Structure formats: C-alpha cells, structure tokens
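Protein chains: 2
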Amino acid sequence: MPLPKALFFDIFGSIVDWRGSIAREAEILLAPLGHKLDWPAFADAWRNEYQPGMEEVRSGAIPFSRLDVIHRRNLERILPRFALSALDEATRTNLNLAWHRLDGWPDSAPGFARLRKKFRLAPVSNGNISLMADLARRNGFIWDAILGAEVAGDYKPKPRVYLAACEAFGFAPGECMMVAAHAKDLKAAKACGLQTGFIARPNEHGPGKGETSPPEGVDFAAGDLLKLADALGA
Amino acid sequence: MPLPKALFFDIFGSIVDWRGSIAREAEILLAPLGHKLDWPAFADAWRNEYQPGMEEVRSGAIPFSRLDVIHRRNLERILPRFALSALDEATRTNLNLAWHRLDGWPDSAPGFARLRKKFRLAPVSNGNISLMADLARRNGFIWDAILGAEVAGDYKPKPRVYLAACEAFGFAPGECMMVAAHAKDLKAAKACGLQTGFIARPNEHGPGKGETSPPEGVDFAAGDLLKLADALGA
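Which chain is which? The protein sequence lines are A and B, in order.
For the numbering used here, add 12 to where a residue sits in the first sequence, where the first one is 1.
For the numbering used here, add 12 to where a residue sits in the second sequence, where the first one is 1.
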C-alpha cells in the first residue's frame, strides 16, 4: 500500500493530555474561590459526559452544536455533584474554555513538525475550530487546515466526519490516514476506507490507564508521534 | 473602536497575484504542447467567468460546489475561444490546479508573520480548503484556520460567509476585521458588522489596473500588508 498523502489526527487523548490539563485548569480557577475537589475526578466526570453529549447530535435528537456548547451543557450536568451549583456565570464560561488550554504530550509538537515535511496534516477531532486553533497556538502545532466535526456537521465515529475530511483535501479515503490512540476511532476510519495509524497513550485516563494495544488490522502502530514519523520515513 | 481579535483575508488579488501566476502556469503547461496564446488574456478570460460561475451557487441554481469544480466548469467554457478544445483530460486537470500554485505578493508572507503575533488570522476566501492549504504551503503563510466559502457552504459576498467565519472563531462580527483589496467585499463585510481594512493592489488586473482607493467608511487603509501591520501596531 502506498504511503498516505494526508494524516488526520484525533486530538483529545491522542495528541493532548485532556485529563491532566483539565484537572490543573479547574484547580487554578476554583481553588482560589475556596473549593477543594478531587481535581482529576472532576476532569473524569466532565469527560464521562462527552460521548452521551455528542450522541444527542449523532442520533438527531438535537441539531449539530459545536463542542464548546456540548462541553458547557455537560459542565452544567456535573456541577451539582461537586457542590459547585453556585458558581457564577463568568467562572463557568472561563472554566468551559479550559478545553482550549490543554497541553500536548511531549512528542506532539516535534512530531507534527517532522510529519508536516512529508504529509498534509489536519486534526480530525470532535473539537470545534476555535478550540483546535487555540490548542495549536498554545502548543505550537502547525497544521494545513482544521477539519473534523465542525466542518462535517456531525461527530465521530459517524462516517461523514472522516469522509468530509478526505474530500476537503481532495484525496480519496485510501490516500489518507487516521492517527489516534483509540481503537474505536480507527475502526470507524478503516470502515470508511482510510489507512490507520495507532499511537499508544498509556496514561490518558491516569497512570497506567490508557489504550496500549493497536486494534487488529491497523496499518501502522507506534509508541508516539516521533516513532510514527520514524515508521513513515518522515 | 477597539482593535479586532481576528483578521480575515480575501486571497485572490488581495494576497496572491492570480493573473501573473495563471498566465505563467498556463504557459508552462501549454507552450510545450505547441500552443501560443496571449497568456495574460487567457488568465483574464478564465477569471472573467469567476463571478458568473459562483452566481449559479449564490442564486440557488446549483448546489454548493467547491471552487475547484467551478474553476473547471469555467475552464471548459473558455477553451474553445483559445482553440484549446482538443486539450486532453490530464492537461485540463493539471491546468485547473494552476489555481493552487499562485504566488503571494511580496509583502504577504512577512505581513502574515507579523500580524499573527497579535491577531488570529484566517483566509475568508471563495477558494476551497485544499486550494488555500496549497497556497499556504507554497508561500509559507501560517494561519490559525482556513475559513470561507467551503466552511460556510456559500460564496461571498453572501452574508453567511462572513458570519460563519466569525462564529467559527467564537467572536462577534465587530471583533473581526475583513481585509481585502476590493470595495465590494469590504462593503458586504461591513454590512454584516465586521470591521474593514483595505489594502491597495494597483496591478491586480495588469499594470495600473487595480483598485487603489479605499471605499468610504473603511476602518483602516494601507498600501500593503506590512503597512497594515504598522497601522495595527503588529
């Protein structure tokens, strides 16, 4: 199989450490207000609402809404559990933007820099365009375009999201590779005809809690983005 | 009025020299095949089909189609006039991609580099995403995202294109500035509530043939992108 022309990237967990970053951002905002939470547990609770929140769009129950909107709905749902129901509007708004302030894994920025010399790069994430643009600025990621859910008008793993990304670059699905640390994402991309690349993020959900084994039938598997660049000759 | 947070750019004519580049690319491809054309006249003829081609989408006569598709339809329309009806498919395809190989005006790349330190930047062009991505690679433009017609599903000067760009960045229209060398584009953006910046491209349509006077009511006017950066303190 010839090498792909474009690489598409899952972002949350695969490229950035959402758990550690959300825990940190929540503490920065809420600790000075006198709140004492299990910060990683707060991050986990928020993230646990992620798939159900998007499923409302995927199922057609609500029209497409950017992830910033879904994140805010999900935040409202978990605040009572953490005794945060009295949080003022400005703090809620700022807290919701914590998702725009996630840090990349150490290999992410140098990995992109190497891969971009050989391939067209784009995030194909469920995150919205402004969220991706903020992560790129914060972490020094240089991409060719921001593709994904907002451009497609639906959420992964719906086929439209992968296929819309291929179309936007003018490539056939087989000329594109989805790169992710999640088997579910890669299986959905493969079903659309894309090549697939697995990277391991063993600590995504906390120390030792992440996917480490590539799903069956993956075209490339690597420990991180730099090792994927090695494997792809970039 | 406070400075904008985001700058949106018209691309064809405002940032890149479509006329000189299309004339050059057409000659590179067609001269070796024995064709002798007035190359700038060929570029002008192709570009003259641009607004009528997009008007079919804007009016609802045809569904949204990427500019690559419109460019190809327009190419078919002008080939007979230049005795090129016998051109083979591969050459037509390659010729159509000449629009992905346009050169920036000399100030464009250094202007973007300065402006990006202070503002979020995106093309808001009628060109499609892959076309913009190719121009960015070729010319070393670094943008925060590619917005414009393909993301909005319609063509400028329809209001949706400007407003969808603001929404994608999560900014109010008044927090964004449209930058262009064309009064029509700026008037439409202003009607949507955006700030406006005029740059002069006096040779867009050939020596001495371009807009040099800013339209009434423009917020900033500058000779080129570097002078706009001066004016905006970037």
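Read the hints as simulated data drawn from the structure, not as lab findings.
Keep in mind that a hint or two might mislead.
Given that identical chains are not distinguished, each listed pair holds provided it fits within a single copy or across any two copies.
To be verified - List of simulated lysine to any residue pairs, SDA-like, C-alpha gap at most 20 Å:
no. : residue 1 : residue 2
1   : K170      : G152
2   : K129      : K170
3   : K17       : N106
4   : K239      : R126
5   : K17       : E101
6   : K48       : K170
7   : K130      : D231
In this text, all values refer to a predicted model and were calculated from it rather than measured experimentally.
task = Pop the pair K239 and R126 into one bin, within, between, both or neither, using alpha-carbon distances up to 20 Å.
result = Answer is within: at 11 Å inside a copy they meet the 20 Å cutoff, but 34 Å across does not.
task = Pop the pair K17 and E101 into one bin, within, between, both or neither, using alpha-carbon distances up to 20 Å.
result = For K17 and E101, neither the intra-copy (45 Å) nor the inter-copy (22 Å) Cα distance is at most 20 Å.
ask   = Is it within, between, both or neither when you check K48 against K170 at 20 Å Cα-Cα?
value = neither (38 Å within a copy, 50 Å between copies)
request  = Have a look at K170 and G152 and pick one of within, between, both or neither, based on CA distance no larger than 20 Å.
outcome  = So K170 and G152 fail the 20 Å test inside a copy (29 Å) and across (34 Å) alike.
request  = Indicate which option fits the pair K129, K170 if close means a Cα-Cα distance not exceeding 20 Å: within, between, both or neither.
outcome  = The answer is neither: 30 Å in one copy and 36 Å across copies each exceed 20 Å.
request  = Tell me, please, which holds for K130 and D231 at an alpha-carbon limit of 20 Å: within, between, both or neither?
outcome  = For K130 and D231, only the intra-copy Cα distance (18 Å) is at most 20 Å; the inter-copy one is 41 Å.
query = How would you classify K17 and N106 at a CA-CA limit of 20 Å: within, between, both, or neither?
reply = This pair counts as between: shortest inter-copy Cα distance 18 Å, intra-copy 38 Å.
Checked against the numbered hints above, the structure breaks hints 1, 2, 5 and 6 and satisfies the rest.
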